[in-house]
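A.B. asks: One letter stands for each residue in the lines below.
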Amino acid sequence: MSAQTTIIKRTARPRITFEGVTAALRFILLDPTLLIAFLLMVLLVGLALLGPLLWGIDPLKLDFGAVFAAPSPQHPMGTDSLGRDIFARFYSGAQISLTVGVVAVVFGAVLGGAVGLIAGMSGGWVDVLLMRTMDAILAFPPLVLAMAITIGLGAGIETAAIAIIVTTIPWYARLVRSDVLRVRSMPFIEAAVAIGMARWPMIRRHVVPHIMPTLLIQAAASFGYAILALAALGFVGLGAQIPTPEWGAMITEGLSDALTGRWWVGVFPGVGILLAVTAANLFADRARDLLDIRAE
Amino acid sequence: MRAVRGVSFEVRRGEKVGIVGESGSGKSALALSILRLIAPPGEVVGGQVWLNDRDLMRLREREMAHVRGSEIALIFQDPMTALDPVMTIGAQIVESIRKHRPDVSRKEARDRAIELLRDVEVPLAERRIDDYPHQLSGGMRQRVVIAIALANDPPLLIADEPTTALDVTTQAQVLDVLERAVEERGAAVILITHNLGIVADFCDSVKVMYAGRLVEQATPTDLFRSPIHPYSEALLRSIPDPARLEQGPLPTIPGAPPSLANLPAGCAFEPRCPLGRGVAICKNTAPPVIPIGQGVAECHFAEERWADNETMRKEAAADDRS
Numbered sequence: 001m002s003a004q005t006t007i008i009k010r011t012a013r014p015r016i017t018f019e020g021v022t023a024a025l026r027f028i029l030l031d032p033t034l035l036i037a038f039l040l041m042v043l044l045v046g047l048a049l050l051g052p053l054l055w056g057i058d059p060l061k062l063d064f065g066a067v068f069a070a071p072s073p074q075h076p077m078g079t080d081s082l083g084r085d086i087f088a089r090f091y092s093g094a095q096i097s098l099t100v101g102v103v104a105v106v107f108g109a110v111l112g113g114a115v116g117l118i119a120g121m122s123g124g125w126v127d128v129l130l131m132r133t134m135d136a137i138l139a140f141p142p143l144v145l146a147m148a149i150t151i152g153l154g155a156g157i158e159t160a161a162i163a164i165i166v167t168t169i170p171w172y173a174r175l176v177r178s179d180v181l182r183v184r185s186m187p188f189i190e191a192a193v194a195i196g197m198a199r200w201p202m203i204r205r206h207v208v209p210h211i212m213p214t215l216l217i218q219a220a221a222s223f224g225y226a227i228l229a230l231a232a233l234g235f236v237g238l239g240a241q242i243p244t245p246e247w248g249a250m251i252t253e254g255l256s257d258a259l260t261g262r263w264w265v266g267v268f269p270g271v272g273i274l275l276a277v278t279a280a281n282l283f284a285d286r287a288r289d290l291l292d293i294r295a296e
Numbered sequence: 001m002r003a004v005r006g007v008s009f010e011v012r013r014g015e016k017v018g019i020v021g022e023s024g025s026g027k028s029a030l031a032l033s034i035l036r037l038i039a040p041p042g043e044v045v046g047g048q049v050w051l052n053d054r055d056l057m058r059l060r061e062r063e064m065a066h067v068r069g070s071e072i073a074l075i076f077q078d079p080m081t082a083l084d085p086v087m088t089i090g091a092q093i094v095e096s097i098r099k100h101r102p103d104v105s106r107k108e109a110r111d112r113a114i115e116l117l118r119d120v121e122v123p124l125a126e127r128r129i130d131d132y133p134h135q136l137s138g139g140m141r142q143r144v145v146i147a148i149a150l151a152n153d154p155p156l157l158i159a160d161e162p163t164t165a166l167d168v169t170t171q172a173q174v175l176d177v178l179e180r181a182v183e184e185r186g187a188a189v190i191l192i193t194h195n196l197g198i199v200a201d202f203c204d205s206v207k208v209m210y211a212g213r214l215v216e217q218a219t220p221t222d223l224f225r226s227p228i229h230p231y232s233e234a235l236l237r238s239i240p241d242p243a244r245l246e247q248g249p250l251p252t253i254p255g256a257p258p259s260l261a262n263l264p265a266g267c268a269f270e271p272r273c274p275l276g277r278g279v280a281i282c283k284n285t286a287p288p289v290i291p292i293g294q295g296v297a298e299c300h301f302a303e304e305r306w307a308d309n310e311t312m313r314k315e316a317a318a319d320d321r322s
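Going line by line, the protein sequences match chains F and C.
According to this note's numbering, the stretch in the first sequence is residues 1 to 296, in order.
According to this note's numbering, the stretch in the second sequence is residues 1 to 322, in order.
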């Protein structure tokens, strides 16, 4: 076999490279579902980041000369009962929701993943103890539990985030545990032990990479849940407090105005929630189709 | 129940020992117990494994982890699943090297991995090293599995059905590769297989396993010419042979191996044995270990059968000389 007869596709170790990023972008562009999710996310993240720079109106600034202004070039989303610019409040809400979403996903995935990994690898009473605890959390409807936790800890965005994280941990833990049980029975795990690898290095190198797809899919789904739950907690007054421009709380404020025809006060934050959750769920669904090895 | 009972043998430096037996005879359980890899709730209840004056059964788990891979390496049956699909083969070989020699730099380990791939005759090793397992064929993957086992020059390799998952032409190539590699290194091999053809080509001595015991130990020549234990004979008869096809269907061994939970009092093979079925001594007394020729057999008829075969062996030896 001479060198010119064989052109072997080289695959190097996973690393974030320029080529890798462009390949990922090309993949997204060619997949309609991912493209929609991606564009929605770009829109919301763009507004959250660039809004303050380009628009620059204080979302808390009252203007009693322009109370309940309908959407116009001056106020693209109108103003509320206190004359606050709803567009400024919309992108500020995006900042809050996306931040809480990311924080909830990171902590939920790390903590829940760790619980699932330890339970799955340990087995025995450790497994029973951890998983029955997870079952206990799952026994409550997630929103009811989140409300109970925020009431216990005191209403606010931070406590709402903690409550959301607690309710998502069991989801990660269960999925990761079942994945670990599948992977640990694979011969390459036995092979790793047979070359003398110790337990934790073996887990890090040969088990953790195999649970990443599951973790990623669940993280994407939980991102949508986190935004929705934050809005729900804000809506019932347990999350962000007035006058914080949080989408759920904004809907509460806009509720009575909708009856008097000022629909824009409540509708735009609702649209924000819709877009963010749609993007997260589309991404999660598509990622599940693409990554789930059990579906093959 | 006990999957392996009273098995005792030794392997000398550079020796190639074959262990044959049908499914469930305890071959793999034997291999895993040598490395102390029996998964709970299974356990090794007793016995000793001596490697260069150390009893492995008495080592601490940490010391045992050091033995695995550097002193005894295991070659797995199915190369499709013995390699981690998310790591390049190079990374997996490097991992095996650096596990036992952390002082070796990544660069050196990589060069060594390329050498190992060349040793097991993977073409274009310096490019293939960055491939993932799914990019390789079964034969190539099994070579990688062998390369990983050879990574630390272990004095003993245990190959558990190393070619069962491969097609016949690939089997022969992989066995050649394995043979050359262990001969260069002077490593001893315990080859576990149910394929007697492989044993004849590859091994210096053969052990026939039945219901957790070694029922016959012999050189391949003696075993193939004049099997002593009726089970060995029945195994040899059930090898497909074009000449025998004309004489009717391939003989099989009637019945099934005994349940290990409920072993007969006498010889474990007695209910299936063409010679001993119903014979009182076979039924009631476990056969002793009888030294026969250069080996041993566990059969009440061993001495008679050895004497019966005497003429056959002499003729065969005469044939060899002429």
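There may be inaccurate statements among the hints.
As the list claims (entries may be wrong) - What follows is a list of derived Cβ distance ranges for each label pair:
#, chain 1, residue 1, chain 2, residue 2, range
1, F, Arg132, C, Arg12, 29 to 39 Å
2, C, Trp50, F, Phe27, 50 to 60 Å
3, F, Leu29, C, Gln135, 40 to 50 Å
4, C, Pro40, F, Met212, 48 to 58 Å
5, C, Glu115, F, Val110, 39 to 49 Å
6, F, Leu181, C, Gln135, 47 to 57 Å
7, F, Arg182, C, Trp50, 36 to 46 Å
8, F, Ile36, C, Gln135, 31 to 41 Å
9, C, Pro242, F, Met212, 48 to 58 Å
10, C, Gln135, F, Met212, 18 to 28 Å
11, C, Arg2, F, Arg132, 28 to 38 Å
12, C, Ala172, F, Ile36, 47 to 57 Å
13, C, Val104, F, Trp55, 54 to 64 Å
14, F, Met212, C, Gln247, 32 to 42 Å
To be verified - Calculated Cβ distances over 10 Å to all of chain F for the following chain C residues:
#, residue
15, Ala65
16, Val67
17, Ser70
18, Ala307
19, Asp308
Calculated from the structure, these hints are not laboratory results.
Just so it is clear, CB atoms sit at the ideal spot from N, CA and C, and this is done for glycine as well.
A.B. asks: How does the Cβ-Cβ distance of alanine 172 of chain C and isoleucine 36 of chain F compare with 47 to 57 Å: does it lie in that range?
C.D. replies: 55 Å Cβ-Cβ, so the 47 to 57 Å window holds.
A.B. asks: Holds or violated: the 31 to 41 Å window for the beta-carbon distance between isoleucine 36 of chain F and glutamine 135 of chain C?
C.D. replies: Holds: the Cβ-Cβ distance is about 33 Å, inside 31 to 41 Å.
A.B. asks: Assuming the hint says 36 to 46 Å, is it satisfied by the Cβ distance from arginine 182 of chain F to tryptophan 50 of chain C or not?
C.D. replies: 38 Å, holds
A.B. asks: Looking only at beta-carbon atoms, does the pair valine 104 of chain C, tryptophan 55 of chain F fall within the given range of 54 to 64 Å?
C.D. replies: The hinted range 54 to 64 Å holds for valine 104 of chain C and tryptophan 55 of chain F, with Cβ atoms some 59 Å apart.
A.B. asks: Taking 18 to 28 Å as the stated bounds, is the beta-carbon spacing between glutamine 135 of chain C and methionine 212 of chain F within them?
C.D. replies: Given range 18 to 28 Å: holds, Cβ gap about 20 Å.
A.B. asks: Checking a non-interface call: every C-beta of chain F should be farther than 10 Å from the C-beta of serine 70 of chain C. Is that right?
C.D. replies: Serine 70 of chain C is in fact no farther than 10 Å from some Cβ atom of chain F, at 6 Å.
A.B. asks: Report holds if the minimum CB distance from alanine 65 of chain C to chain F is greater than 10 Å, and violated otherwise.
C.D. replies: The claim breaks: alanine 65 of chain C does not keep its Cβ more than 10 Å from every Cβ of chain F (closest is about 5 Å).
A.B. asks: 39 to 49 Å was suggested as the range; check whether the CB atoms of glutamate 115 of chain C and valine 110 of chain F agree with it.
C.D. replies: 40 Å, holds
A.B. asks: Taking the minimum C-beta separation from aspartate 308 of chain C to chain F, is that value above 10 Å?
C.D. replies: Consistent with the label, aspartate 308 of chain C stays out of reach of chain F, its closest Cβ about 44 Å off (over 10 Å).
A.B. asks: Does the Cβ-Cβ separation between proline 40 of chain C and methionine 212 of chain F fall within 48 to 58 Å?
C.D. replies: With Cβ atoms ~28 Å apart, the hint is violated.
A.B. asks: Honestly, do arginine 132 of chain F and arginine 12 of chain C meet the 29 to 39 Å range at C-beta?
C.D. replies: The hint (29 to 39 Å, Cβ to Cβ) is violated, given that arginine 132 of chain F and arginine 12 of chain C are roughly 54 Å apart.
A.B. asks: Taking 47 to 57 Å as the hint, is the beta-carbon distance of leucine 181 of chain F and glutamine 135 of chain C inside that range?
C.D. replies: About 28 Å separates the Cβ atoms of leucine 181 of chain F and glutamine 135 of chain C, which means 47 to 57 Å is violated.
In the structure shown, a violation is registered for the earlier hints numbered 1, 3, 4, 6, 14, 15, 16 and 17, in ascending order.
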